[in-house]
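*Asks:* Chain by chain, the residues run as shown.
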Amino acid sequence: MHRLKILAGLLALALLLTAGAAFAVDTGSANFTKYVALGDSLTAGFSSGSIVVTYQANSYPALIYREATGKTTGFEQPTVSVPGLPGVLRLVSLVPGPVITPTPGQGQPTNLNLQRPYDNMAIPGARLHDLLTKTQSTSASDPTDLVLRHLGFTQLQQGLSFPPTFVSLWIGNNDALAAATSGIVIDGVTLTTAEQFDAEFRIVAGAIASTGAKMAIANIPNVTSIPFVTTISRFVTLPNGQVVTLNGPNGPLQAGDFVLLTAGPDIAQGRGISPANPLADSEVLSAAEAAAIQDRVNHYNATITAVANERGAALVDTNAALRNLSTAGVHVGGVTYTSAFLTGGVFGYDGVHPTAFGYGYVANLFIDAINAKFGGDIPPVDLRPFVFGTQSTTVTASSTGKAAGQLTDFIFTNEARRNLLLSLGVPKWIVDNEPAPGTKPHHPRGRGKG
Amino acid sequence: MQRRGSVMGRALVFVALVALAAAPIHAAGFSIFEQGSKAMGMAGAFTAQADDPSLLFHNAGGLAFVTERQFSVGDTWIHGLKADFKGAAPFPGPNNSAEQKKLSAFPPHAYWVQPINTTWKFGFGIETPFGLTTEWENPDQFAGRFLSTKAVLQVIDLNPTLGWQVTPNFGIGVGAIARFSKVELNRNVPFNNPFTLSVIDIGRLHLESDYKNGYGWNAGILHKVNNSFSWGLSYRSKIKVEYEGDARVNRILTGNAQLDALLATRVPFDKNLPVKTEIEFPDEASLGLAFALSPNLLLETDFNWTGWSTFDEVPITFTGGTGNSLPNTKIPQHWDDANNYRVGLRWTTGPTSQWRFGYVYDETPQPEEAINPLLPDANRNGVTIGYGHTGNIGFDVALMYLVFDERSRHKTFTDDDEGDFFGTYNTHALLFGVTLNF
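Quick mapping for you: the protein sequence lines, in order, are chains A and B.
Under this note's numbering, the first residue of the first sequence is numbered 1, with each subsequent residue one higher.
Under this note's numbering, the first residue of the second sequence is numbered 1001, with each subsequent residue one higher.
Honestly, I wouldn't trust all of these hints.
[Claimed, not checked] Straight-line distance between alpha carbons at most 27 Å, and here's what the computed BS3-like set of lysine-lysine pairs gives:
1) B:LYS1271 with B:LYS1411
2) B:LYS1411 with B:LYS1150
3) B:LYS1411 with A:LYS373
4) B:LYS1240 with B:LYS1150
5) A:LYS71 with B:LYS1086
6) B:LYS1086 with B:LYS1182
[Unchecked claim] Stretch by stretch, here's where chain B covers chain A in the computed footprint (C-beta under 8 Å, at least three residues):
7) 125 to 139
8) 331 to 345
9) 380 to 389
Just so you know, these hints were derived from the structure itself, not from any lab.
Glycine included, each C-beta is placed from N, C-alpha and C at the ideal position.
Take these sequences, add in the hints, and give me the full structure.
*Replies:* Structural data, given as structure tokens:
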């Protein structure tokens, strides 16, 4: 009798241990049985101007999935083979200034035949409105079809069809970013109106909530947190050592005006130095434009916070995190990461999207917020592989030992610049310097491509 | 002789027990309490005995009772058995582990005590009360190499002391301390390679100070209440040492000529960069109670407090100006005051021989956030055994086995500009002390 009791006890213990092993990760009240990520390029794992499997494999949703489930497979994404779509940007030389160009060739979709929607439904270039309405690509460079696959359903519809048990939502970046990266603020075109954002964000969050899924919602970083906006100074040093102020469409640039990264090639050609040959409107983000975008981002974020609270979602404050990165920096094992272009370690060659380390850092922001909200103990992502990388340090650059120029005098090749702007959701008519489609250039109606 | 202790003795024991119970849990750090092999055999529970020349370190009050000239010279071999590290996420991650080189350090001690007359006594001690060496294996692969690959702290005290025998059983001692110290820090310098968007090593930073000095004092009381009970109180002041020296970044070429050219414009490689730092060493106080359990058996319990909160941060300030400097930094420590508890048993087995046994529980002053490869500390448990022989030339030997509690870090100070380095440290050490008395 006594022995039987011991035996029963051991069996019970063994069962408990087995059950424990199957649910090794404590996710608290969040359930990651079916996790779906909604969003834009940041959620897709887009990096250095491209959607490519090397970065997709460590997109922040993929990292969250691995940590929250303990599984390394089962999270499906619309992967694209090396060198990506379009070819991922790379730095080929630091001389005379940094030269950044797309890797030649094009990657191919490698997961188009998946017999269900992807778990990572994020579409590069997507705006909030697109989640609700868009079902197919609207231009050759638009990757929507890669993700939605002509099924006639939106990102939101496909993502919620599972139905999911947990959803991460990081949307609205392109609603503000296109105004910054294009240097042109047009309410309702490059900048989504506050009213539209409020209404549509509530619709999206409501749709997710109606499935019963728990949520993590990230807010929108300030555009002045990204090297695309902050890298190039409004002062330029001429070969004779003289320091001059660059000229924009409205005369000499003032404190608070930003020169966008894409102006680099023109400045290298001498544009902007004389008032007679000013930088284009699309190459300058004036203080007034930056303030208008900032106000709008603040509004979006107030809405996002309110909705997250209403829906009991974990709020991921990427705005504060990126602001901290651009001021104090983030320190890891004696290495300081900043938002500096090329040498900060967080942003890739497009000046907007994170590096592999940056995405790991973002994943940990999500995990921290999810743990805090839902009482779980999901382990953080191991950042060491992203800190040290796997590539050799002897890279493709030419071997001339000439001192490099300032890291801000960089050059994008024209192809790199065009791909980049399109992938950032900048309307094609701005990128290609065409008149706005179908209406007067400065008061277009309708909405540009997202 | 077989009295079980006076009323006063009982009262003191009670006070000491209360003090133990109420003490904030935390005195290890980089202090080296092993400054005499007799005391070491009793795990340092010696404040209420202080009856050999190492009294100059353990309790200057004992100097009052010195009746003949004595010299004492010895050394403690600190031998690391194990000092390893297992990483945790986010950095350096659970797949990363490392170990330190086996430490082998030899902090020496030497003492001279001498009566001036029956009331006044003189002593001169040379002690090494602090010291540190941490050195990681395979430093260029160690994930913590941007924090520390090797750190060395050397300290030597010169300690002239005067003893006053106030009554036949009550003595006071007061000393001056001149401390000489140098510090060495080594770490690698990281850079985010713009070609690979990952971190590479661009140099090895070596920072070494000259010997610099600081001054302090010490005092002690020893009261031999009766044949079966004595108590002692000892204090050593805090001492600040301001170091000056040179730092040097020994360049590691990246293999990319363009990148090397860029870095040459940003980092002053391969030249001496004047640098300053400082350490305020803590003050220490010990209260010891010794009880004769029998004519041959003596038990002592000590309570020791160390004011480690002086170790707040290590500032590293470059003074060479433009082109001869690196960015200033500070390594936050924010240590707390800490206690340790020592129990020693002395067994006199013959007219010239003694066996000693001891146990010490040494609480770390280091908050979790401050644990890093430069100095991973932990609570420590030590057991000791010692033997002493008296004669024309006497000797003491002692052996200590010291186990550090497993210690993990999963937090970072908000003012830390070096960043997360999470994981678990395990350390064991063996100490062997020899002291000759003549």
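*Asks:* All hints, please: hold or fail.
*Replies:* Each hint tested on the structure:
1. B:LYS1271 with B:LYS1411: Violated, at roughly 36 Å.
2. B:LYS1411 with B:LYS1150: 23 Å, holds
3. B:LYS1411 with A:LYS373: 19 Å, holds
4. B:LYS1240 with B:LYS1150: Given that 27 Å is the threshold and the Cα spacing comes to 23 Å, the pair holds.
5. A:LYS71 with B:LYS1086: Holds, because 23 Å separates the two Cα atoms, which is no more than 27 Å.
6. B:LYS1086 with B:LYS1182: 30 Å, violated
7. 125 to 139: Result for this restraint: violated, n = 0.
8. 331 to 345: holds (count 11)
9. 380 to 389: holds (count 10)
Comparing the model with each earlier hint shows violations of hints 1, 6 and 7; every other hint is respected.
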